[in-house]
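> These protein sequence lines are chains A and B, in that order.
Take 1 as the starting number for the first sequence in the numbering used here and just add one per residue.
Take 1 as the starting number for the second sequence in the numbering used here and just add one per residue.
Please keep in mind that the hints were generated in silico from the structure rather than gathered at the bench.
Any given hint could turn out to be false.
[Said to hold, decoys possible] Here are some chain B residues pointing at chain A (derived, C-beta under 7 Å): (1) Ser56; (2) Thr59; (3) Ala65; (4) Ile85; (5) Gln89; (6) Leu93; (7) Pro97; (8) Val98; (9) Gln113; (10) Gly115; (11) Pro129; (12) Leu131.
A virtual CB, placed ideally from N, CA and C, is assigned to each residue, including glycine.
Here's the letter readout for the chains.
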Amino acid sequence: MMSEVVIAGIGQTPVEEHWDKSLRELGLMALEAAVQDSGGLRPQALYVGNMFAPQLSRQAHLGALIADFAGLTGIEAVTIEAGGASGGAALRAAYLAVASGAVDVAMALGVEKFSDVIGAEVDAALATGGDSDYEAVQGLTPTAQAALLMRRYLYEYDVPRQAFAGFPIIAHANGVHNPNAMFRKAISAEVYQQASVVSDPLNLFDVAPLADGAAAVLLTRADLLPPAFPHRLARIAASSMATDTLALHDRPDPLEFRAARLSVERACEKARIVPAQVDIFELHDAYSIYAVLSLEAAGFAERGQGWKLAQNGAEPAVVSLRGSLPISVLGGFKARGNPGGAAGVYQAVEAALQLRGEARENQSPHARRVMIQNLAGPASSAVTHILEALD
Amino acid sequence: MEISRHWRLRKQRYALVGEVCPHCEAKLFPPRDICPECGQEARTLYQFSGRGEVYSYTTVYEPPAGYEENAPYTVALIKLEEGPIVTAQLTDLGDQPVEIGTPVEMVTRRLRQDGDERGMIVYGYKFRPALARVAA
Chain A
1 MMSEVVIAGI GQTPVEEHWD KSLRELGLMA LEAAVQDSGG LRPQALYVGN MFAPQLSRQA
61 HLGALIADFA GLTGIEAVTI EAGGASGGAA LRAAYLAVAS GAVDVAMALG VEKFSDVIGA
121 EVDAALATGG DSDYEAVQGL TPTAQAALLM RRYLYEYDVP RQAFAGFPII AHANGVHNPN
181 AMFRKAISAE VYQQASVVSD PLNLFDVAPL ADGAAAVLLT RADLLPPAFP HRLARIAASS
241 MATDTLALHD RPDPLEFRAA RLSVERACEK ARIVPAQVDI FELHDAYSIY AVLSLEAAGF
301 AERGQGWKLA QNGAEPAVVS LRGSLPISVL GGFKARGNPG GAAGVYQAVE AALQLRGEAR
361 ENQSPHARRV MIQNLAGPAS SAVTHILEAL D
Chain B
1 MEISRHWRLR KQRYALVGEV CPHCEAKLFP PRDICPECGQ EARTLYQFSG RGEVYSYTTV
61 YEPPAGYEEN APYTVALIKL EEGPIVTAQL TDLGDQPVEI GTPVEMVTRR LRQDGDERGM
121 IVYGYKFRPA LARVAA
């Protein structure tokens, strides 16, 4: 019998270029915030979601590094790496540790530090998330890969180029009131249309900005919570992960995010729901085309139709904060920022804020069940969790 | 420097040598040893023709380290006539516009250079518009 796993504590740093803070300092900030938020629970196991520290900070072995720096020497601690889905994978490791009964209190800590290196070295590190021998060697970058998908999508489904504007517009509108968001300024359709091209057809607003950040989630069983636990309780109802081919070119249909679909199906089966029963879908909008393909993979739209969910009509767009399926509710990757291997843990923190009713101006009125999905590259890995309010 | 790593890939990089599955005839590039179509072992070498068409393409303006001298460059997904799709740069484009569906053929070019002028140069496949067939 698996134990019920509840969220005891959450913590996050702002997502920005933290020139004055190191990897370990960022990690400690989020870790301490989550411990304090829980009323002082001490983690027995620490799962660090990170992708780039060995390359950009010349630092591996983050489990011992951060446990040591946080004064937790002696506990179990390990890095979990799954490319851009490292944060989600760390959350899953912490969930499994508590659900199995092996550990009473586990922490998932996502931490990423991009800004110690700038320019071409960062692009070279990013490219290692794909197939080094057959993709990166050709000078392919993750952004160029997203552009390849977007061009093919526009071609196959005959979609107007401006159709993608809705995603960054919604993300930026939602980021305005998030104190931890990198960009807190709304943008208009005109601003989107006039933005400079990054990798055609992608423009500046189709690409989420990479920045430093750390987020932490402390998990435990409900009976172990402190007596005066001050928050509305949320539980992890399901956790799943799936993989696809590492290289995009090895797929029979590159426009199908198969791992994203599989992980949603598996999570929904475990939570005994269908996707339509989630109130918020916090997806992986590292690129606007990824938001579209993720919505289609999860079954919220037919193939070639996902872009329509971000279009305003008589009603607000389906995926806007006031729509029936909000996404990027605190800014998403686009406005909150993309902190690499930490992003999946930010998603969990933001989902918990919604389920607790603590999301202030961004509170979605009926948030009882949130699905969060963290991808690596073009959904070469996909981790999906379903979180539910317990009362 | 990774000399042995690039040496190991010489057949793939210089001659598009992949595999054909002896069980279901599926053509595989890059080689992967286990056939994704039928799940059986596939280690029979197979040389691809190098002909194909553009499946999608884009331009890289901010290149990773090692690729600066070529930037901006066009990178594409090429659907080979035998079936598989490969990621590769397009080259020798001149003023010719690229489109989805443009016929292309493999050529051998310099892919990247490590470090200064004494660094190792990595050669491999790129694709150019299929001039030979147009001329014929």
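> Are glutamine 89(B) and chain A close enough, Cβ to Cβ, to be under 7 Å, as the hint says?
holds, 6 Å
> Classify the hint on proline 129(B) as holds or violated, based on whether any CB of chain A lies nearer than 7 Å to its CB.
violated, 18 Å
> Once the shortest beta carbon distance from glycine 115(B) to chain A is found, is it less than 7 Å?
violated, 13 Å
> Minimum Cβ distance from glutamine 113(B) to chain A below 7 Å?
violated, 12 Å
> Once the shortest beta carbon distance from isoleucine 85(B) to chain A is found, is it less than 7 Å?
With Cβ-Cβ at 4 Å, under 7 Å, it holds.
> Does serine 56(B) pass the interface check with chain A, least Cβ-Cβ distance below 7 Å?
Status holds, d = 4 Å.
> Would the stated hint for leucine 93(B) survive a check requiring a Cβ distance to chain A of less than 7 Å?
Hint violated; leucine 93(B) Cβ to chain A Cβ min 14 Å, cut 7 Å.
> Using Cβ atoms only, decide whether valine 98(B) comes closer than 7 Å to chain A, and label the hint accordingly.
Status violated, d = 10 Å.
> Less than 7 Å between beta-carbons is the criterion; does proline 97(B) satisfy it with respect to chain A?
violated, 12 Å
> Hold the hint about threonine 59(B) up to the distance rule: shortest CB distance to chain A must be less than 7 Å.
The hint holds - threonine 59(B) has a Cβ within 7 Å of chain A, the shortest such distance being about 6 Å.
> Hint validation: alanine 65(B) versus chain A, beta carbon distance must be below 7 Å. Holds or violated?
holds, 4 Å
> How about leucine 131(B): closest beta carbon in chain A under 7 Å, or not?
Not OK, violated: leucine 131(B) not within 7 Å of chain A, min 21 Å.
This entry does not satisfy hints 6, 7, 8, 9, 10, 11, 12, going by the numbered hints stated previously.
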